[in-house]
Each structure stands twice: as structure tokens, then as C-alpha cells.
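K.L.:
Chain residues, written in single-letter form:
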Amino acid sequence: MNTQSHEAPYEKGQTQGLPESAKARLAAGKANLWTSDLSVNEFLLVRDAGFTPLGLVMGCSIYHIGFQFTNPWESLELDVLTQALYSARELAMTRMQEEADLLGADGIVGVRLTVNRHAFGADLVEFLAIGTAIKHDTGGDYRTKRNKPFTSDLSGQDFWTLLRSGYRPVSLVMGNCVYQVRKRGIGQALGQIGQNVEMDNYTQGLYDARELSLARMQAEAEADGGQGIVGVEVEESSHGWNQHVIEYFALGTSIIEISSEHKIQTPHLVLSLGDKK
Amino acid sequence: MNSRLESILPKSVEYRLENERKRIACGAFSSSLGVPENLLARQSGYQVLGQVMGATVYQVGWQWSNPNWRNNNAYTQRTEGISFEMTALSGALMNARELAISRLRAEAQLLGADGVVGVHLSLRKPEYVGQNQIEFLAVGTAVMSSHAHEQMRGETPFTSNLSVEEAWALESAGYIPCDFVMGNCVMLQTMATNTQNRMGLTILSGARGNFEVTEYTGAIYTARELAVSRLEHAAKQSGAQGIVGVQVEVEEVQSFTTVNSTSNDNTPQEIFGFTATGTAVKPLNQSTNRDSAITTVINLT
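For the protein sequence lines, the chains are U and D, in the order given.
Residues 1 to 277 (the numbering used here) are what the first sequence spells out, left to right.
Residues 1001 to 1301 (the numbering used here) are what the second sequence spells out, left to right.
Read the hints as simulated data drawn from the structure, not as lab findings.
Bear in mind the structure is a predicted one, so any value in this text is a computation, not a measurement.
Keep in mind that the hints are not guaranteed to be accurate.
[Said to hold, decoys possible] Footprint (simulated), chain U over chain D, 3 or more residues, beta carbon under 8 Å:
| hint | region |
| --- | --- |
| 1 | 1099 to 1112 |
| 2 | 1214 to 1226 |
| 3 | 1238 to 1244 |
Glycine included, each C-beta is placed from N, C-alpha and C at the ideal position.
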């Protein structure tokens, strides 16, 4: 099992990737105003869970995605591309965590990790991590094993429910795999014209790639001491490559127990009078 | 109509709001809120007064996008890897937004409202306006608070993009909205020579690699940070303690003319623009005595 090499040392208070405007904003905002992309309901639930929002934090990286020359008749992982896309996300995440540390936060909730193409040239993509930095009212240690603030892509509602049921989020964990699916041989393609057949090159390739991305995500969770991962999603995308090259990206929030009781109060049944939106 | 408000609103508004005031006097109202929202509004002590809006059609001026022209120093400086804020663009877009919101607020004030909920601000580019011209339209529902927190009744009505449900939940927890706040920034960044080489745009280049384009990262990062810090500045101005529901969106800049470099300069460049919006809130002095214990439910719809 190859885990992804991203063990760049992290120190609380480092500001390597941050522009001056970020440091200025966080220094000014620290004293007397919090900003949050949580909705009102999420904000109130986070408050109810004993946390105070400190500020909106973000990190981004614009990356040039090149290509990797390979033999098109072979199914294999394009490791250079995998590594490049992973590093770009890692850069965005780390910068967001640096911002949170400047605010003195315990962690970040509601993180959204997105890949954006603006009006750029075809090969340029932006990786963006954005969320709300929060701090517990009475203190406590919420940092990860690598001494980073905790991160989670859970909504305020999920965050509240998770804490109530005796768990807490540790870190946003991710794994990816860029895979090239081999082309069928000419003889094989001709022999299969007009038939109902399984495309075993694709089946096998996509299966492998998905498994690899999930396994890497799990390895990352274990490294951070997580006991489980919630809200996992596996996303499939082609960043402008040909149709034989695909990236799988798995993302979830790793959690650990904070008590041995895992009960929530019995839910009431309600019939909502609100508009269905 | 008081003369200051009159100066920023068209005549037709006066006529409509006059009628609206008469209707309110006999208990009628118009609102874009749904039925449950209306009921909750009444239950929680808000009187819905009516629909209010503010609009402006605005022409966005020219902006030199060649750093040399901008510096009045043509052909002498390098043009690679330079960034600056396109103040004509960010200024125009923010002025137009503020005009729309201030008219909406003025309409609400004429109705005697304490505030406006559900403010929705949209940028429109109708076919019939010229190139470089845009319309900003702000709509919302004016409300009056019958339980009258003195704090809520500022000199001007509060504005917020919250629904009545959200305003109610916020107030139950001891906060009130004070203003719909905004901030924006549009940055231009030209590509560095080094990046051009690595991307294969010049003769010197070799392989096409995977790498971070650091100057673009810096510019897009700065554009977002400045948009958010201007939003935070606006919130501080209105005496807020925090901002909820912040959204950072891509600013619509592609459709505006930038006056480009003239002759000998082919440096690739990108324009990054962002707008941040949110509702500034402040804590209530007196505590509300509503029971706001949280119950978990399973929704049957």
C-alpha cells in the first residue's frame, strides 16, 4: 500500500503560502469581528455545541496540469498527475489551516474543497479550500497528530449531531488516483463490433482507480488517529484529458470517540408546513 | 416624502408607496414570503409591510489593462509577473450595488419599516442596455417589529438576506441583523516569464510539467482576501459583531471592456474578481426569554 507522500512538516504559526492581504485581514479581524460562511442555523448550532466562530478562512492554489507520456495500450496509474493534483489540494488545505492558526482557532468546519476553472487557459485549474474557523469556549485539545487544527467538511447540523453522539471530527481526509485505461487492441476491437460485451479494460481500470483512491483516504485517516470516516464521497473527473484518463478523488471527515455513550435523543416525527425547496 | 430620500428615488415610487401606506393602515400588505413564513412573521411579532426594491443601470468605465500604460511609462518597464487592482471595475460594480441597496433601504424607510428581510441582489445584463452597462436589482420584504427592540430601530431600517425563519432563530438566540454587507475586488495579473517557459509558451521551454503557477495563486488569493476584508470593514462600520452566511462569488468581469496593450506586448494575463456578501449581526442587549432548546426531528415531507 503506497500512501501519499505529503508529510511536509507543519508548525503552528507558519505563514508560508499566505499573501500579505491575508495576514492583514486576519490581524484586523481577530480583535472584534467574526465572519462566517455558516448559515444562521448552522451558526446557532455551532454556538450551541460550545464553539465560537472566529472567521472565514481560505487557501488556494492555481496549478498548471501538464501531462505524462505513457503507452496507451497499457492500463496504469499516472503517478505524476496523481501526485500533482494531490499536492495542489494539499497546498490549498495547508494555507487554510495556516489562516486558522493565525486566528487562534481549534479547527475549521464546513470546509468546501473545490476545483474551479475560471476563464483560464485550458491547463490551469484552481484548487480552493474555504471554511469557518472556530474555537471552543472553554478550551481543550482539538489538534491533529500532525499538530494541525482539526478540519471537517460537515455542515453545522452534522457537526452538532456528531458531538452530541460522542464523537468529534479529526481531519478532512482525501485520496486520489489518476488512471489511464488501456485502449483495446485493434484485433480485439474488431472482434467485438456489434456485440454485447463487458468492456473489461474499463471495468478493471475504473475499479482499480476507485479502490486506490479510497485506500489512500483510509490510510490518511489512520495516520491521523481517526477511528472512522463519515460523509465519504468519491468524485470522478477528467481535467481536460482524453477519455482514457480519469481522476478519482475520495474525500471524507475522519472522526474519533470522545465518550463511550453514542446515543442521541429519540427524534420526534414532524410534518413540516414549510415550502418544499 | 422627505427631500433627501426623494432625491434618490424616482417619482413613481412615491405614488406606489403612498398607496401602500394607505393599505397598511387598513391592515393589508403585499409580500413575496410564502404562507408559513408569513404566519411565522406574525407569530414572532413582525408585521409584513410590503415589497421594496432598489435598482440602478450603471455604465462601467474603461480600464487600461497594460501595466505600462497604467503607469504612464510605456515600453520601459517589464510587463511580466505584474499585478494590480482594476479599480475602475471593482469601483463601478460596488458603487452600483450600493446604489441599489440604498434605494431599497430608502423605500423601506418611506414605508415606516424597521428592516428588510430576504434581500436578494442580482446583476442583470438585459439585451436593451449598451455594452459595458449593467443593471443591479435589489428586492426584499419590508417588516416592522411589534415587540420593538429599541436596538433594532436604528436611524435607517436594517437590511438582511435572511429569511423570516432565520431572523427569528437568530433573535431567539440573542442576535439581531444590522446590515446586508458587501465587499469586492478585481485583480489583474500578468504571467511571469518563468511560468511562460515552463508552460511551453516560449522557445526556451522543454517539457510541460505539473506545477503551481504561484503568481496567479497570489493574485486570486489576494482578490478573495481583499473582497472579504472589505466586507468585514463594512460590517464594522455598521457596528456589527459578526457576519453570517458569507458567500464569496466570482465577480462578473468578462463582459466589460478592458483597453488592452497596444503593440509589442503579448504577455498572457488573467483577471480575477470576487464579491463577498453576508448579513452583519450584533448581540441584543436584553436577553429574549424564548425557549430555544433544540429538538431533533425526522421530517415527514
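K.L.:
If a hint holds in the structure, say so; if it does not, say that too.
P.N.:
Each hint tested on the structure:
1. Figure legend: the region 1099 to 1112 of chain D, annotated as covered by chain U; annotation inconsistent (0 residues with Cβ-Cβ distances under 8 Å, at least 3 required).
2. Evaluation of the coverage hint for the region 1214 to 1226 of chain D: fulfilled, as 9 residues show C-beta separations to chain U shorter than 8 Å, against a requirement of three.
3. Remark: the region 1238 to 1244 of chain D is confirmed as covered by chain U, as 5 of its residues place a Cβ nearer than 8 Å to a Cβ of that chain, reaching the required three.
Of the hints listed earlier, the one the structure fails to meet is number 1.
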